[in-house]
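Engineer: One letter stands for each residue in the lines below.
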Amino acid sequence: MEHCELTRWLSGDLTAMEKTEYQQHLALCPSCQNALTERLTMDDALVFLEAPIKPPRSTWKAIKNRVDPRRPRNRRVSYAFAALSLGVMVGAWSLHHKAPPAPPVFATNQLEARLTSSNPAIHGTAVLNLTTHHLTVRIQGLATLPAGHLYELWTVKGNQEEALGALNLKKTHQASFSGLAHAGSGYELVICPTQSGWAARTTLGPVAAKGAFTAN
Amino acid sequence: MKQREDRRAIEGIQALRDHNPDGLKTLYDLYGHAVYSLAYSRLHDAGLAEEVTQDVFFKLWKAGPSWDATKGSFRSWLFTIARHATYDRLRTLPAGEWLGIDGMNEALLGKDDPSLDTITDLDYVESLMRTLPGEQQHVLKMIVVKGHSVRETASHLGVPEGTVKSRLRLALNRLRIVVSQEEHRGTL
Numbered sequence: 001m002e003h004c005e006l007t008r009w010l011s012g013d014l015t016a017m018e019k020t021e022y023q024q025h026l027a028l029c030p031s032c033q034n035a036l037t038e039r040l041t042m043d044d045a046l047v048f049l050e051a052p053i054k055p056p057r058s059t060w061k062a063i064k065n066r067v068d069p070r071r072p073r074n075r076r077v078s079y080a081f082a083a084l085s086l087g088v089m090v091g092a093w094s095l096h097h098k099a100p101p102a103p104p105v106f107a108t109n110q111l112e113a114r115l116t117s118s119n120p121a122i123h124g125t126a127v128l129n130l131t132t133h134h135l136t137v138r139i140q141g142l143a144t145l146p147a148g149h150l151y152e153l154w155t156v157k158g159n160q161e162e163a164l165g166a167l168n169l170k171k172t173h174q175a176s177f178s179g180l181a182h183a184g185s186g187y188e189l190v191i192c193p194t195q196s197g198w199a200a201r202t203t204l205g206p207v208a209a210k211g212a213f214t215a216n
Numbered sequence: 001m002k003q004r005e006d007r008r009a010i011e012g013i014q015a016l017r018d019h020n021p022d023g024l025k026t027l028y029d030l031y032g033h034a035v036y037s038l039a040y041s042r043l044h045d046a047g048l049a050e051e052v053t054q055d056v057f058f059k060l061w062k063a064g065p066s067w068d069a070t071k072g073s074f075r076s077w078l079f080t081i082a083r084h085a086t087y088d089r090l091r092t093l094p095a096g097e098w099l100g101i102d103g104m105n106e107a108l109l110g111k112d113d114p115s116l117d118t119i120t121d122l123d124y125v126e127s128l129m130r131t132l133p134g135e136q137q138h139v140l141k142m143i144v145v146k147g148h149s150v151r152e153t154a155s156h157l158g159v160p161e162g163t164v165k166s167r168l169r170l171a172l173n174r175l176r177i178v179v180s181q182e183e184h185r186g187t188l
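Those protein sequences? They're chains A and B, same order as listed. All residue numbers for the first sequence refer to the working numbering, where the first residue is 1 and numbers rise by one. All residue numbers for the second sequence refer to the working numbering, where the first residue is 1 and numbers rise by one.
Calculated directly from the structure, the hints in this document are not laboratory data. Hints may contain errors.
Pairwise CB distance ranges, derived in the manner of DEER restraints [said to hold, decoys possible]:
id: 1; chain 1: A; residue 1: THR15; chain 2: B; residue 2: THR163; range: 31 to 39 angstroms
id: 2; chain 1: B; residue 1: ASP88; chain 2: A; residue 2: ALA16; range: 48 to 56 angstroms
id: 3; chain 1: A; residue 1: GLN24; chain 2: B; residue 2: LYS71; range: 32 to 40 angstroms
id: 4; chain 1: B; residue 1: ASP18; chain 2: A; residue 2: GLY179; range: 27 to 35 angstroms
id: 5; chain 1: B; residue 1: LEU128; chain 2: A; residue 2: GLY179; range: 53 to 61 angstroms
id: 6; chain 1: A; residue 1: ARG66; chain 2: B; residue 2: ASP123; range: 25 to 33 angstroms
id: 7; chain 1: A; residue 1: ASP13; chain 2: B; residue 2: GLU126; range: 24 to 32 angstroms
DSS-like mimics (lysine-lysine), calculated; alpha carbons at most 30 angstroms apart, straight line [what the hints assert, rightly or not]:
id: 8; chain 1: B; residue 1: LYS165; chain 2: A; residue 2: LYS54
id: 9; chain 1: A; residue 1: LYS54; chain 2: B; residue 2: LYS141
id: 10; chain 1: A; residue 1: LYS157; chain 2: A; residue 2: LYS19
id: 11; chain 1: B; residue 1: LYS71; chain 2: B; residue 2: LYS25
id: 12; chain 1: B; residue 1: LYS59; chain 2: B; residue 2: LYS71
id: 13; chain 1: B; residue 1: LYS2; chain 2: A; residue 2: LYS64
id: 14; chain 1: B; residue 1: LYS2; chain 2: B; residue 2: LYS25
id: 15; chain 1: B; residue 1: LYS62; chain 2: B; residue 2: LYS141
id: 16; chain 1: A; residue 1: LYS64; chain 2: B; residue 2: LYS71
id: 17; chain 1: A; residue 1: LYS61; chain 2: B; residue 2: LYS2
id: 18; chain 1: A; residue 1: LYS54; chain 2: B; residue 2: LYS71
id: 19; chain 1: B; residue 1: LYS146; chain 2: B; residue 2: LYS165
id: 20; chain 1: B; residue 1: LYS25; chain 2: A; residue 2: LYS64
id: 21; chain 1: A; residue 1: LYS54; chain 2: A; residue 2: LYS19
id: 22; chain 1: A; residue 1: LYS61; chain 2: B; residue 2: LYS146
id: 23; chain 1: A; residue 1: LYS210; chain 2: B; residue 2: LYS25
id: 24; chain 1: A; residue 1: LYS170; chain 2: A; residue 2: LYS210
id: 25; chain 1: A; residue 1: LYS19; chain 2: B; residue 2: LYS25
id: 26; chain 1: B; residue 1: LYS71; chain 2: B; residue 2: LYS141
Glycine included, each C-beta is placed from N, C-alpha and C at the ideal position.
Isolated chain A (complex conformation) (with noise of 0.2 angstroms):
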């Protein structure tokens, strides 16, 4: 059988019965395999080289996460070093005047969003931990996305935008989202789709929801 019935194959110009006969051909001649391994090859290999597709934004802020977690850790330990110190600075002047130690007051430490839409069917809420940075996002009644589609996560602060990452969207039209986000009130949450389908380059989608994080 000749290579050639190879590419019919890939460009899906076989018949039913020519494909069953192709396959079972395939499975046993080391020749055919040979060709489909290096078609595959050159495949991959000219796709790498035009790169027709520009990832999710969000793909590099994880992987920058990944393999630099420094700022969420040293915040952390900025703001654990920060309580220390008044801890310190209080038990001192509270020895110093022989007082009492005043009842711990706990502070606001997290600020919330609430996500809405001209779609009235999608709402949602935000919750963003100022002490960890840890951002909780629960949102519902998002349009599925076709396939290959997905829904991303911003900050946006003035000229200052972040992508935060994908949502993770159910079948119910619920989605999620937790994870780190730097942000602080004045901050604007951002969901919006990226229409990345094959052949076609990433862009930016209408906006889904948004809401601005406010004190409680």
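Position chain B relative to chain A; hints supplied.
Structural biologist: Just chain B now, with coordinates in the frame of chain A:
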């Protein structure tokens, strides 16, 4: 252009050797599109392609400093890593979803495909691609790179489907020589 890319890649690798994440960003800016495109073309899923891209660059963060120029260009070496990661992920999927090719399965692909360990000389493939007639390059890019069907390509170019198939076959035969002549110059 290629020299500038190579120079930036070398700078990125040097930074990796100093454990500087900026080096990885340089390499991601150069090759992130390529890795993601390869993964997407085989997995047909944006989420999986993103995961593979993350895995490849995380591996690069760990193994990049050990890159050996005697085993081929950095781009060719990264291509081999990206292929490995993509096909490893592919093997975790049901057979019906393989490569977007009807009827493809692991048995046909071969579990220990030696081509995955072969460092393909991408510079040579690229130079040979440039020697192809313009109409063959166009057909290759539409069908192989962008995933269009023969019928769509023929319609787009305004030529008969037979002409598209002929151009594709000529181009593939020319490029096939490159892959066939590749020597197994080492594995990762």
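Engineer: A separate judgement is required for each hint: does it hold in the structure or not?
Structural biologist: Now for the hints, and whether the structure bears them out:
1. A/THR15 / B/THR163: 31 to 39 angstroms: With Cβ atoms ~21 angstroms apart, the hint is violated.
2. B/ASP88 / A/ALA16: 48 to 56 angstroms: 31 angstroms, violated
3. A/GLN24 / B/LYS71: 32 to 40 angstroms: Taking Cβ atoms as reference, A/GLN24 and B/LYS71 lie about 38 angstroms apart, which means the hint holds.
4. B/ASP18 / A/GLY179: 27 to 35 angstroms: 28 angstroms, holds
5. B/LEU128 / A/GLY179: 53 to 61 angstroms: The hinted range 53 to 61 angstroms is violated for B/LEU128 and A/GLY179, with Cβ atoms some 44 angstroms apart.
6. A/ARG66 / B/ASP123: 25 to 33 angstroms: This hint holds: roughly 30 angstroms between Cβ atoms.
7. A/ASP13 / B/GLU126: 24 to 32 angstroms: 28 angstroms, holds
8. B/LYS165 / A/LYS54: Since the Cα atoms of B/LYS165 and A/LYS54 sit roughly 29 angstroms apart, the hinted pair holds (cutoff 30 angstroms).
9. A/LYS54 / B/LYS141: Holds, because 16 angstroms separates the two Cα atoms, which is no more than 30 angstroms.
10. A/LYS157 / A/LYS19: Between A/LYS157 and A/LYS19 the Cα gap is close to 56 angstroms, so the pair fails against 30 angstroms, i.e. violated.
11. B/LYS71 / B/LYS25: 23 angstroms, holds
12. B/LYS59 / B/LYS71: 18 angstroms, holds
13. B/LYS2 / A/LYS64: 26 angstroms, holds
14. B/LYS2 / B/LYS25: Roughly 18 angstroms between the alpha carbons, so the hint for B/LYS2 and B/LYS25 holds.
15. B/LYS62 / B/LYS141: 33 angstroms, violated
16. A/LYS64 / B/LYS71: 28 angstroms, holds
17. A/LYS61 / B/LYS2: The hint holds at about 27 angstroms.
18. A/LYS54 / B/LYS71: Holds - the C-alpha atoms of B/LYS71 and A/LYS54 are around 28 angstroms apart, at most 30 angstroms.
19. B/LYS146 / B/LYS165: With Cα atoms ~16 angstroms apart, B/LYS146 and B/LYS165 stay inside 30 angstroms; holds.
20. B/LYS25 / A/LYS64: Cα-Cα ~8 angstroms, so holds.
21. A/LYS54 / A/LYS19: With a Cα-Cα distance of about 34 angstroms, the restraint between A/LYS54 and A/LYS19 is violated, given a limit of 30 angstroms.
22. A/LYS61 / B/LYS146: Given pair A/LYS61, B/LYS146 holds - Cα atoms ~27 angstroms apart, limit 30 angstroms.
23. A/LYS210 / B/LYS25: Since the Cα atoms of A/LYS210 and B/LYS25 sit roughly 29 angstroms apart, the hinted pair holds (cutoff 30 angstroms).
24. A/LYS170 / A/LYS210: Satisfied, since the Cα-Cα distance of roughly 19 angstroms is no more than 30 angstroms.
25. A/LYS19 / B/LYS25: Violated. A/LYS19 to B/LYS25 sits at ~45 angstroms, over the 30 angstroms cutoff.
26. B/LYS71 / B/LYS141: The hint holds at about 28 angstroms.
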